[in-house]
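Build the complex from these two chains, which are given one at a time in their own frames, with help from the hints.
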Amino acid sequence: MSENGFAHEVDVTVIVNGERVSRRVDARRHLVDFLRLDVGLTGTHTGCEHGVCGACTVQVNGDVVRGCLMLAAQADGAEVWTVEGLSDNGSLDALQKAFVERNALQCGFCTPGMLITAADLLARDAKPSREEIREHISGNYCRCTGYEAIVDAVEMAAGTRAGATQAGGGSQ
Amino acid sequence: MKPAQFAYARAKDLPHALALWAEAGEDAQILAGGQSLIAGLGLRLADTPALIDINHVPDLAGVTESGDRIRIGAMTRHAELARNPLVAEHAPAIAEAAPLIAHPAIQARGTIGGSLAYADPAAEFPACVVALDAELVVQGQGGERRIPAADFFLGLYETALEPFELLTAIEIPKAGRRRQTVQELVRRHGDYAIVGIVLAADVQGDTLGAAKVVYFGVGDAPVVAEGAARALEQGDVSAALKALNDDLDPPGDLTGGPETKRHLARVILQRAINALRAQ
Numbered sequence: 001m002s003e004n005g006f007a008h009e010v011d012v013t014v015i016v017n018g019e020r021v022s023r024r025v026d027a028r029r030h031l032v033d034f035l036r037l038d039v040g041l042t043g044t045h046t047g048c049e050h051g052v053c054g055a056c057t058v059q060v061n062g063d064v065v066r067g068c069l070m071l072a073a074q075a076d077g078a079e080v081w082t083v084e085g086l087s088d089n090g091s092l093d094a095l096q097k098a099f100v101e102r103n104a105l106q107c108g109f110c111t112p113g114m115l116i117t118a119a120d121l122l123a124r125d126a127k128p129s130r131e132e133i134r135e136h137i138s139g140n141y142c143r144c145t146g147y148e149a150i151v152d153a154v155e156m157a158a159g160t161r162a163g164a165t166q167a168g169g170g171s172q
Numbered sequence: 001m002k003p004a005q006f007a008y009a010r011a012k013d014l015p016h017a018l019a020l021w022a023e024a025g026e027d028a029q030i031l032a033g034g035q036s037l038i039a040g041l042g043l044r045l046a047d048t049p050a051l052i053d054i055n056h057v058p059d060l061a062g063v064t065e066s067g068d069r070i071r072i073g074a075m076t077r078h079a080e081l082a083r084n085p086l087v088a089e090h091a092p093a094i095a096e097a098a099p100l101i102a103h104p105a106i107q108a109r110g111t112i113g114g115s116l117a118y119a120d121p122a123a124e125f126p127a128c129v130v131a132l133d134a135e136l137v138v139q140g141q142g143g144e145r146r147i148p149a150a151d152f153f154l155g156l157y158e159t160a161l162e163p164f165e166l167l168t169a170i171e172i173p174k175a176g177r178r179r180q181t182v183q184e185l186v187r188r189h190g191d192y193a194i195v196g197i198v199l200a201a202d203v204q205g206d207t208l209g210a211a212k213v214v215y216f217g218v219g220d221a222p223v224v225a226e227g228a229a230r231a232l233e234q235g236d237v238s239a240a241l242k243a244l245n246d247d248l249d250p251p252g253d254l255t256g257g258p259e260t261k262r263h264l265a266r267v268i269l270q271r272a273i274n275a276l277r278a279q
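Here the protein sequences come in this chain order: H and L. Just so you know, we're using the numbering used here here: the first sequence kicks off at 1 and counts up by one. Just so you know, we're using the numbering used here here: the second sequence kicks off at 1 and counts up by one.
Honestly, the hints are just simulated from the structure, not real lab data. Every value quoted in this text rests on a predicted model; they were computed, and no experiment measured them. Watch out, some of these pointers could steer you wrong.
Which bits of chain L does chain H cover? Going by a derived footprint, with three or more residues having C-beta under 8 angstroms, they are [claimed, not checked]:
{"hint": "1", "stretch": "7 to 15"}
{"hint": "2", "stretch": "18 to 24"}
{"hint": "3", "stretch": "41 to 53"}
{"hint": "4", "stretch": "123 to 137"}
{"hint": "5", "stretch": "201 to 212"}
Just so you know, even glycine gets a beta-carbon here, dropped at the ideal spot from N, CA and C.
Chain L extracted, bound-state conformation (with noise of 0.2 angstroms):
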C-alpha cells in the first residue's frame, strides 16, 4: 500500500511543467487532484519514475465567462463545481454530477482536468463534456490545440491526449433554454455508477430538441445514444426506450451483467427525462 519510489517536482508555471514533463520523460505522470493516481500509485497498479506537481501553477483552476461559453480550469476542484455560480447557470449538468463523485475529502482535492484525463469509463465527468459539446483544451510544447469532447475519450483510460499534452481547460457552450440532467444508479452514494446518463435538450412540449443522450458505467468510454436522442427528438419515449437495444452494447462488470445494464439503462433514460421535463 505503500507506493514505489518516485521523484517530485512542483512546476510553477505551464512553462514549468512541459519543461519538467519532457525532462522526466514519457512515463512520469502530472499530479493533479491525485485521488486516483496516489491510491493507483500506493496499489502498485501504477508505477511512475516522476510525478509532476501542477496544484501550484496559476491560472489553472476556476471558472470563467467568455461570449457564449464558460471556460473551467483543468484544476477547478469538485467542491468547487457544486458550489460555482457559473457553472450552476450555464453548465449545470456539471454542477449535478460533482456532489455525486467519491465523498466530501475527495471533492475538496479531485479536479475535473484530471477526472477526464484518466478517463474512467464509469465516471461521470466525460459523459457530462461530451453531452454539453465542450472543447478540451490541450497544451503540448508545440503550443495549444483543442479536441472536441466527442473525439477525446478513445477507449478504457486511454484518451486523445498526445504525450507530453497537458489538459488546461475545458470550454462548454453556454446552456441557454437547454436543460441538462445527470442521473446514475450505485449502490452506494459516492461509488462508480452500474449505469449512468446525461441528457440535454431543447424541451418544447413532448419533444426533446437536440437530445444528446449520454451513457457512462455501459462500455469503455462514454457511450452516446444515437438512436435514442433521435427518437427523443420526435417526442417518442417508448421508440427511444427500444432504440438503446442498438445503442447500447454493455459489457458486464462486478456491478451487473449486460441484461441488468441494458434494464437499468432504459430505467434510467425514463427518470432523466422525467427530470428534465420536471426542470
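This is chain H alone, in the form it adopts within the complex (with noise of 0.2 angstroms):
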C-alpha cells in the first residue's frame, strides 16, 4: 500500500483463510476478483458484479460483504474468509450436511454465498424463524430451488447447532 498518495496499482496484504497473501493488485481490482484471480480460490463466485445477487458474499474482519462492492485495495490489512477456509475449519460443517440432505442446491452457483450469509444470521442468531432465515438471505440470489429447500436446510442446521457447540464463523 502506498502510504500516502496515489497510485494506480496498491500493494496490498490480507490475511486470508488465517494465511498472510500478498500482492499487487489494479486499484479497480474487485476483492472477488483478487480472491478468485489472484490468490487461486475459486469458491467465491461472480454473479452480477453490482451487489445484487450475492454469490460473491465473504466475510471481513468478521461481517459479510459484497466481494464485488468492495475493492481489494480496500482489504489491505484486513482478514478475509471465504467458503473455503470456513470448509476447512469446521465453521460450515452443520450448514452443509443440512445443504445436501435437503437438496438445498441444485446447479451450485448460490450455494458459498448462501452458506456464508446463513452462517452469519446462526452467528447472531442460533434459533431462527423461517420468515427471519428469509429475510436474512433476502440479499442471496437462488435460479434453481425456489429457495424453500435452502430455508429448510438453514432451519436444520440452526436445529442441529442447538446442541453443538459453536460453529460461527472464523474470525468471529
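Spelled out as C-alpha cells, the structure:
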C-alpha cells in the first residue's frame, strides 16, 4: 500500500483464511476478483458484479460483505474468510450437511454465498424463524431451488447447532 | 462490469482526505461505504479519475450524545445504526430505517453519510434527516459549515455540497416526547421504495403536533408534505389525505405511474399515523 498518495497499482496484504497473502493489484480490482484470480480461491463466485445477487459474499473482519462492492485495495490489512477457509475449519459443517440432506442446491452457483450468509445469521441468532431466515438470505439469489429447500436446510442446521458447540464464522 | 482504471488513495485523516481531493481534482470521488459507488463504477454509470478512501479516517464513525442532540459520524454504517442504543432512543426513525436498506452484506458496509451525499430520491435516510430537522456538518478546505437537512437535497443526486466539501457528521435533535416512524412499500424487502414516508410528531390525542411528513420515492428529492402536516396538527386525517393531492406531484417510474404513487402515498400516510398512535 502506498502510504500517502494515489496509485493505480496498490500493494496489499490480506489475511485470507488465516494465511497472509501479499499481492500488487490494480486499484480497480474487486475483492472477489482478487480472491479468485490473484489468490486462486474460486469458491467465491462472481455473479452480477453489482451487488445484487450475493454469489460473491465473503467475510471481512467478521462482517459479511459483497466481494464485488469492495476493492482489493480496501482489504489491505483486513482478515478475509471465504467458503474454502470456513469449510476447512469446520465452521460450515452443520450447514453443509443440511444443504446436502435437504437438496438445498442444484447448480450450486449461489451456494458459497448462501452458506456464508446463513452462517452469519446463525452466529447472531441460533434459532431463527423461517421468516427471519428468508429475510436474512433475501440478498442472495438462487435460480434453481425456489429457496424452500434452502430455508429448510438453514432451519435444520439451526436445530443441529442448538446442541453443538459454537461453530460460528472463522473470524468471529 | 469491471470499472475503468482509476487511482486509489487511503486517507489517514480528514486534512489528508481534503488534500488528496484537491490534488486529484473535482472529479475524484470520496469512497465511503462504496455500496452504490463501486456498483456504479462497475456499470460505468460513474466514472472517476481517483478514489479517496475515507474508511480509515479516525472519528468519522460512531454516535455520540451532546446536550439536546445526537451526533452521528458520516461513516457510521447501517448495521451499527440499527443496533446503536443512542440512535434507538433519540432518533428512532433512523434505527427503523436502517434495516430497510438492502441486505445484511450491504448494511455491513453502507454508511449514512454516503447515502446522504449520494442523495438517491428513493432512499430512506435523506427523508429521515429532513423529517428529524437534522443539521449536516460538512468540512471543506475553508473550514466547517452546517447545512439544515431541509436545504441539503437540491434534486436528483444533487446536494448543497460544494466541490471539495465532505460530509462529516449528522446532528439530530433528540426525539424527546416526539414520536417517529418510517413506512415504505416495496415489492421485495431491501428494494428501493415505490413510496416511503417518514412521520414525526408530538402525539396528543387525535392531534399530531408540529407534524413533519416527508416522502421518498415520489420526486427527485425528499418531498415535504406541508398541507398534510397542517391538517394532522388539527387532527383531521381525511383533510391530510386530501392535502396530499396538492403536496405531491409524483412522476411515474418503473415502480408505478403517478396515480398509483398518489394512492400508495395515502395508504402509507394512514399506516404511519396508526404506527405513531400505537407507539
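Results of checking the hints against the structure:
| no. | hint | in the structure |
| --- | --- | --- |
| 1 | 7 to 15 | holds (count 5) |
| 2 | 18 to 24 | holds (count 3) |
| 3 | 41 to 53 | holds (count 6) |
| 4 | 123 to 137 | violated (count 0) |
| 5 | 201 to 212 | violated (count 0) |
In this structure, the earlier hints numbered 4, 5 are contradicted, and the remaining ones agree with it.
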